[in-house]
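K.L.:
Build the full structure now, drawing on both the sequences and the hints.
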Amino acid sequence: MNAKYAALLVIWPLPALAQGFAGMGTGAEGFAMPAPDPVFDFPADHGAHPDYRIEWWYLTANLDGADGQEYGLQWTLFRFALAPETGEGWSVPQVWMGHAAVTTPTDHYVAERFGRGGIGQAGVAADPFEAWIDDWRLWGPDFGDLQMRATGAEFAYEMQLDAQGPLVFHGADGFSVKSASGQASYYYSQPFYAVEGVLTLPEGEVAVTGSAWLDREWSSQPLSEDQTGWDWFSLSFDSGDKLMGFQLRQTDGTEFTAATWIGPDGTTEAYPDGAFDAEPLGLTEVAGREVPTRWQVTLPDRGVDVTVEAMNGAAWMGVSVPYWEGPVRISGSHGGRGYLEMTGYE
Amino acid sequence: MLLDVRNVTKTYPGADGPIDVLAGVSFTLGAGETLALTGESGSGKSTLLHLVGGLDQPDGGEILIDGRDITGFDDGARAALRRDVVGVVFQQFNLIPSLNVGDNIAFQARLGGRPDDGWNRELAAKLGLEAQLGKYPEQLSGGQQQRVAIARTLAARPQIVLADEPTGNLDEDTAEAVLDAMLRLVDEAGAALLMVTHSQHLAARMGARLHLSHGRIAA
Amino acid sequence: MMGAGLQALLSYWRRNPLQALTLFAGLALATALWSGVQAINAEARASYDAAARTLGEGSYGQIARRDGEAIPLEAYVALRRAGWLVSPVIDGRVFVEDRPLRIVGIDPLTAPPGIGPVGLQEGDLAPFVTGEGQVFATPETIESFGEAFDIDFVPAPDIAPDTAVTDISVAGRLLEAGDTVTRLIVLPEQPLGRAELSEIAPDLVLSQPGETADVAQLTDSFHLNLTAFGLLSFAVGIFIVNGAIGLAFEQRRQVFRTLRAVGMPLRRLMVLLGVELFLFATVAGLTGVALGYLIAAALLPDVAATLRGLYGAEVAGTLTLRPVWMLSGLAIAFIGTGMAAAGALYKLWRLPILAAGQRRAWALASVSTARLQAVGAVVLLGAAVAFGLYGEGLVGGFSLLGTLLVGAALGLPVVLSVILAIGARLARSAIGEWFWADTRQQLPGLSLALMALLLAMAANIGVSTMVSSFRLTFIGFIDQRLASEVYVTVDNAAEGDRLEAFGAERADAVLPLLVADAQLAGLPGQVLGARDHGTYRDNWTFLGATDAPWDQIAAGEGALLNEQTARRQEVAVGDPLTIAGEVFPVVGIYSDYGNPVAQAIIGEDVFRTLYPQIAPTRFGLRTEDPDALIAALTDEFGLPPANIIDQAGIKQISLDVFERTFTVTTALNILTLIVAAFAILMSLLTLAGMRLPQLAPVWALGLTRARLGWFELVRALLLAALTAIVALPLGLALAWALLAVVNVEAFGWKLPMYLFPLDYLRLTLLACLAAALAALWPARKLARTPASHLLKVFSNER
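Protein chains in written order, with my numbering: chain V, 1 to 346; chain G, 1001 to 1219; chain X, 2001 to 2798.
Simulated from the structure, these hints should not be mistaken for laboratory data.
Owing to the predicted nature of the structure, the values given are computational and were not obtained by experimental measurement.
C-beta: ideal position from N, C-alpha, C; glycine also.
There may be inaccurate statements among the hints.
[Stated by the list, open to error] Calculated from the model, a selection of chain G residues having no Cβ within reach of chain X, i.e. all distances over 12 Å: (1) A1015; (2) A1131; (3) D1173; (4) T1174; (5) M1206; (6) A1208.
[Said to hold, decoys possible] Partial list, computed: chain X residues near chain G (C-beta under 7 Å): (7) G2702; (8) L2703; (9) F2794.
[Unchecked claim] If you want a taste of the chain X side facing chain V, the calculated C-beta under 8 Å gives, among others: (10) V2077; (11) R2080; (12) G2172.
P.N.:
In structure tokens:
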């Protein structure tokens, strides 16, 4: 592995890797820490929070092509702070990373970008909203009315996003606890985007429509030291209800889970540890390892007992620090579509 | 007297102290005379021949050739002596390997400034070498090589011919033929001949005979 | 048995210490020369590699500003935001007590993988990109510059000398780059749908990988010299070791016979000899490597200075012990020993037990060997002619060099033999005849050494002709290009007008340097506007031109084109050339050494018509009193000293560079000759034992030993002189191949070849002197041979 990537491993914030980074789990070094009972200030909070160590703008979309085919799409911007400072110039210690992907039933296209804050190459402005790295952008007059574009060596896309519902807040009003020992983040979503746009693929251009889900999360100490990775589900049922659920896998074989039930009107109910459950049913070998791409997902309180299966089991994000991220199909007690993200599968 | 050797001594360093190779040898040789030098191996006969030929220096005594004492000669004068007055036929390696037979025969005479192509041809004919003139020494047999050496020596018309076991490396028949030729030609040329040999048979064909034993003349 | 046998073999050396020393010295010297040259080349290459890694040049495209100025940060960000995957580099020099330190700042976040300092290991990015930052440099660089900076220095051996690599933020601070970067590295994989570069940043130009003037490629011409020396010293080394081992075997035949007679199996004897040779090769090889290190260490500062001055390539002036050349040095010691011993061992293998030391000079080389050599020479020289006529590319050039050298070496004995035969035919006296014939007879035994001498001399002639031609050409080129006494840069067009007015009064002439970018015969390049002045008319020489090119240029009726463009695009004098839509006939082709881009020159008036927007800011001023003019420009015109260049100073720097090149070349010349002389000495010593049966009859027939000794000396001189006669055309052919074939293939321009008869004469004398010195000892030994030794030849006692 080359030096640059080895170096980036270290500042990578995803849970599995955070374990190896001394200091990450315990906050300190002047970074701000999430606290309960948050009061959000919009549109300012759609922008960056350089006092916190990590932050992301994480969009996934399930799309139908004019060609009758299903597609998945990802647009993500991460921010890592090497120190809780910002400003202008090369020496600003804010590092940005972008991931973009398009998934078809047979192919999975990925691109990655890096840049530093302080020179205008990458950043997020709240009003009017713009998140960007290089030529990748997510922008619009307000958070509910956005355009989005990204390019890779083999693909490109341009999308229009139109929010059909309100923002939803996870955990306790956006304070999302991530472990029994109290690690937490600020976490809200806009899961109601209607999408239309054009995908450019090696085969040519294809018009698409569908729905998208945007997650916003920031923190300074995402995981506790005994957590090895996570499985995160964003499920949109045909009924119009939505379910966000995740489990954090722990070294002793147990899991810490949390979930949010989102009604069609945006009303939410948060579920504590243990209410949500996800059990692997089938594995796919991808990039030299086995990843669970078929799951039994249950939330008994809502009568949810579904099988979640990857549209393309090979949706492996072979970026500097790799993970799995791709569209899923839902069957069982509920039908629908969604997205699955899995980290920490070494 | 052509050659007058007076009380010549020669010592070589040896493992157990100096060895007296010649311990006071005297003899004379007149023009046209032939003399055999015989003796055991190591009796000093070859050394005596070398001294007479100016090839080596005695430690004591005098060697007079035509009345001149050559023992006082420097390197150059001795080289001139070898060119002009004496001619030597050795047992082997008489010839210059880089020159052909014709050039070898003519070499010493030309060196001494007395080239005589007619005489060279005559000698070659008498020694049966006409067919070999263009060849190089390594292409000749041992007997042929010695014949060339004799021709080369006589071509320079020396007053004294010195021969050191000239047939020592040849088989009996060849040796006989070579010796016949040499004796005949030396006689025709009127030169004196001093020949070292360990063969009684050969010595018997010479006009006189000198026997060396332990560096002295015995009887 | 082995122990006793080895003792018997080795005891020979104890009794012949001088010979042991000679063998040892010969082997060590050859190894030294080889490994010394290897060391210098390896060091330089390592420096280029480090530089290439440091720069990220070579395998990546680059973007720079057309005018060579820094690129604004906004332009970088604009390119990134337009989808261009480019990575910024800030590159510049700071001076610490007048010593320059190159600072290269990179952005590890956007740089292509593998660019930048090695050793940025896990956990090191944060300290690299934040706070005061980190600076990577070689330990030597840190030692000499570290104290001047309050920065965390990290040792990294693979970085170019006198260079520091750091984060772009640190470099920007140290170099006071402000909101600019020096250039951009273009990543190989780019996203879909990018806008054209010219749409985003019209000031910037993209050069594809390979188009940029590659330092290593330019310096190849210099390394060609060194490599030629390296190859030659290898060949010479093989010859010398061959001679030394041949002698050792020849003189010990009786020991071998005795050992076998007392019951040692032949196989074991061979093994013992192998062990002995291995010991020798090891000790001499190690000594040679150490000696080579000293040679390289002594020459390297000059080499480094030469490369820096000629090409701006930084090469460390200090030598590192690199396994590459140390191993290659040892390898040549072993290979040379092995090759030389193979023949001797083979002879021993086939030798009947009791075949005593019956040594014949003929045995050294049979007639069939000579015939084989002659055939080989004809074939190889024929191939050389074919390569010269039809060869293509660098491979063709080097094949030409190889076949030429080896063919000539093989042909040498044949040529010498013919000359000596003619000499023998012309000889009048018996001694003369014998001398020529005898010399000819020695030829087989001496031919290896003479081949070594031939190659050494040819290399000297070839390489010094090349270096000297290069020097003359380059100085002429500098004279031509830097004809003005003073060069001045001003800030803007208004200042330019002021300077013209000022110069009209104070200087003899003002020559504006008008430059514009243009497409020339399909290549991107520059067009220059020249004012009609004697400066150009008097100084410029052409490779090809019409009768009065400058008249046509002044009249705006023609254009001059540089050589590399003319060659590459096959443009000849008289052909049309389109510049800015206007068609000009080419009226002259000029040399433009080292310039990687196309260039054309047109008259000033037509230039100003075609490029009305370009106003000159650089000027050449002619004057007879440059000091006064510089003072006036500084005091009265108010120009900062940095904007004024004194031409004499630049020329002096160029000349210094060549003086250093000559130091290196001369030192290598002398060392090669010494090795060749050693080869001659070895051969003569080998022959000495076999010579007695050849010389004894001549002595017995009336030549003194002193005279024979003289003849030996004269013979060596004669052979050296004859070899020199062959070496001269060979060396010139070598120089021609280097200048006219290899250079054109490598760089696209041909260097004119100049001849230096006095140098060749001096070299011939030097070679004769070396040969005479080598023959002196054997000749003296012969002159003092006791008569008894000569007499033994004739008797049975041997």
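K.L.:
Each of the hints needs a verdict: does it hold here or not?
P.N.:
A quick look at each hint next to the structure:
1. A1015: Nearest chain X Cβ is 16 Å from A1015 (chain G), so the label holds.
2. A1131: holds, 21 Å
3. D1173: holds, 20 Å
4. T1174: holds, 17 Å
5. M1206: Correct as stated: the minimum Cβ-Cβ distance to chain X is 20 Å, above 12 Å.
6. A1208: holds, 24 Å
7. G2702: Result: holds, 3 Å to nearest chain G Cβ.
8. L2703: holds, 6 Å
9. F2794: holds, 3 Å
10. V2077: holds, 5 Å
11. R2080: Hint holds; R2080 (chain X) Cβ to chain V Cβ min 5 Å, cut 8 Å.
12. G2172: holds, 6 Å
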